[in-house]
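A.B. asks: Residue numbers (my numbering), protein chains in the order written: chain Z, 1 to 414; chain B, 1 to 414.
Calculated directly from the structure, the hints in this document are not laboratory data. Bear in mind the structure is a predicted one, so any value in this text is a computation, not a measurement. Treat the hints loosely; a few may be bogus.
[Unchecked claim] Once the Cα atoms are required to be at most 25 Å apart in a straight line, the calculated BS3-like pairs of lysine-lysine come out as:
(1) 24(B) - 37(B)
(2) 368(B) - 37(B)
(3) 161(Z) - 368(B)
(4) 161(B) - 383(Z)
(5) 152(B) - 340(Z)
(6) 161(Z) - 383(B)
(7) 24(B) - 161(Z)
(8) 44(Z) - 24(Z)
[Said to hold, decoys possible] Covered by chain Z, per the in silico footprint, the following chain B stretches (three or more residues, Cβ under 8 Å):
(9) 167–177
(10) 216–228
(11) 322–336
Even glycine gets a Cβ: it sits at the ideal position worked out from N, Cα and C.
There are 2 protein chains.
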Amino acid sequence: MADKNKRRRADADSDNRPFKSKLKPDAVILQTLKTLKSSAAASKTLTLSDVGLSSTCREVADLPIDEVQSEIESLAYRIASSILSGEGFSFSVPSRSAANQLYVSELDRIVLKDKSSVRNFGNVSTVRKATITLRILQLVHQLCTSNIHVTKRDLFYTDVKLFQDQTQSDGVLDDISCIVGCTRSSLNVVAAEKGVVVGRLMFSDNGDMIDCTKMGMGGKAIPPNIDRVGDMQSDALYILLVEKDAAFMRLSEDRFYNRFPCIIVTAKGQPDVATRLFLRKMKMELNLPVLALVDSDPYGLKILSVYGCGSKNMSYDSGNLTTPDIKWLGIRPSDLDKYKIPEQCRLPMTEQDIKTGKDLLEEDFVKKNPAWVEELNLMVKTKQKAEIQALSSFGFQYLSEVYLPLKLQEQDWL
Amino acid sequence: MADKNKRRRADADSDNRPFKSKLKPDAVILQTLKTLKSSAAASKTLTLSDVGLSSTCREVADLPIDEVQSEIESLAYRIASSILSGEGFSFSVPSRSAANQLYVSELDRIVLKDKSSVRNFGNVSTVRKATITLRILQLVHQLCTSNIHVTKRDLFYTDVKLFQDQTQSDGVLDDISCIVGCTRSSLNVVAAEKGVVVGRLMFSDNGDMIDCTKMGMGGKAIPPNIDRVGDMQSDALYILLVEKDAAFMRLSEDRFYNRFPCIIVTAKGQPDVATRLFLRKMKMELNLPVLALVDSDPYGLKILSVYGCGSKNMSYDSGNLTTPDIKWLGIRPSDLDKYKIPEQCRLPMTEQDIKTGKDLLEEDFVKKNPAWVEELNLMVKTKQKAEIQALSSFGFQYLSEVYLPLKLQEQDWL
């Protein structure tokens, strides 16, 4: 059988690969990474109160399950006493609309302002939503007492007659996060998992200790419930956040994480909540810098921004979902010429791509970083994009053996 | 912190759950499963030669990398000598068209017949494809010598100028599988991974030993390259093949695999090649019966059929990709009434659903199993479908605590 010890020789074209000769010994590159790591460990993540916004903006927090339960119970007591005093009941629900969102540049993420609306049971226009809210509070309370995790889809199916369609129960679930002041995962409602992780990381998943250096090429599936993830330990110097599965596979098979100690993580495209939470937890607990490897197109940068600054429809939870200070390692628009990516491996941008690129140029989180603006301007100007896989034109292992080591050596991140 | 030992009490409505009272002690159910396991171990998987078709049908095999390499090298010698003798060169390429496919009921899968066509370099209509074929043979040979795995996307990017678009390199790659007579994974070209596995299984992935009982709730990502998977060991009594992620999560969190020893696997929807190969390998090496838990809709049955009989466009590889004798455990159309799934949790079938259902009734692999035909007829007649999650209407853990145990107890699979 074929096994990892059997690689007979490197690609035939090893020596002709562009920039191969520029590579310094690994020890030199490792020194660079150690410096990067200590600077990341020294930087502090700001909170709403640090920037004086804690009274005008709201945020949810990861709460232990007992606290969620008692929060729901005290809400129930308030409702009961309101009813007993002849006043019916209502909820005060934080608004999650765009008008109530704010990008805070000091925090480099989108947060929710403090506008709320009243959801009254005794009003014909809000009675349905108030009923759904109460029902979902009851279901979440049940999740707390039995301490199990379910998906949003499971929740919907417990009372299809009332919820009618899943967007209704999903929306109210987000409302309840804001009302209780906790994250959706604290409510024990989790999203389907998509991400995988491999490399120099150990952590516990639901009580089992996982060693991510011993996960073969497939990696470990990122658990859907972050509250059962703990005990993170690592001797990595950085986290490598990869957009695509194919690049993850290449790096995993080549055990890139052993040559330049790192943790490699991917959500296989659009970041899901579980992967975002996992990345943030790693960054926070291990104090590691995060370097992102995404396609050189507007969506690559967009994906980077979701990890970094959050998505608009979950802005109330941006504090828990976002990972500050992600560096854009590659593939950057300027890399296309710099690394002499052949013309035929570049793709023309579509009208939609160009529009998305121009829209991104208007976004605060891009504008904040002049070097990113410059890269994005270059992309829109040249109207060219390229996938990570375009590097395969120099040999399948060019990514792991030349491009990434050189990027790290040159500290070529923004 | 919340942990698995902290479940304080079962769902409040435990005792009212329908059919809960019908459940016998676990030991009785385990005895049923042991009988199922021994009957699965006794059954033999037929091959083309068993049914006298080995001369008129063709199949590919999993070949070790050295054999793939020497096969390509002897092909190159033949081409060179053909050129030297002044005759140019051509490939004989097995046809993969629908007209060359055959459903063999004894094998219960789709196979490829023996028609071939000539792809001549000296002919203006085939020169392009012959060139692409030669180029991909060269690239695969390079993969053999360095013994690394790449994706189809990587392959495309090595020569965009020639391939023009990925469908062309993908198609020729399948041709090369047929020419060389090996599976696509034997060519070291793998698909992106999607599946996860959890439960009573140990296996090695790229040299690392994986214990799937210690993978928390997230499970282990199924490796993209089956040839680096080995040393499978298990004390499971059956394999539970699950269509959806949410059901997988429920069973994984509840550690269902410890109560009724099994291996739980899902491809999260449409089965990908890696998961299909992995399932087959488990079935073959461990001699375990496979029970499928899919949605009660035409797509659920379609997914089951892809695992069982293969997809049409990869019929040349059906022998390696398919898992024989998968039992349809649930959710079956007859379960909707039997388990009293509330009306509001059933969904009306769309016109397209009904058409897909009727098309399935014409398929050989459905017709072969009269009990399946009956179920499918019922679905099309009632025009109702339901997802696995519909069981959540009886409580989130109804699936793992009542529905599945009862199904196993009653040997209610088809």
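A.B. asks: Where does the structure disagree with the numbered hints, that is, which hint numbers, in rising order?
C.D. replies: As far as the earlier hints go, 3, 7, 8, 9 and 11 are violated by this structure, in ascending order.
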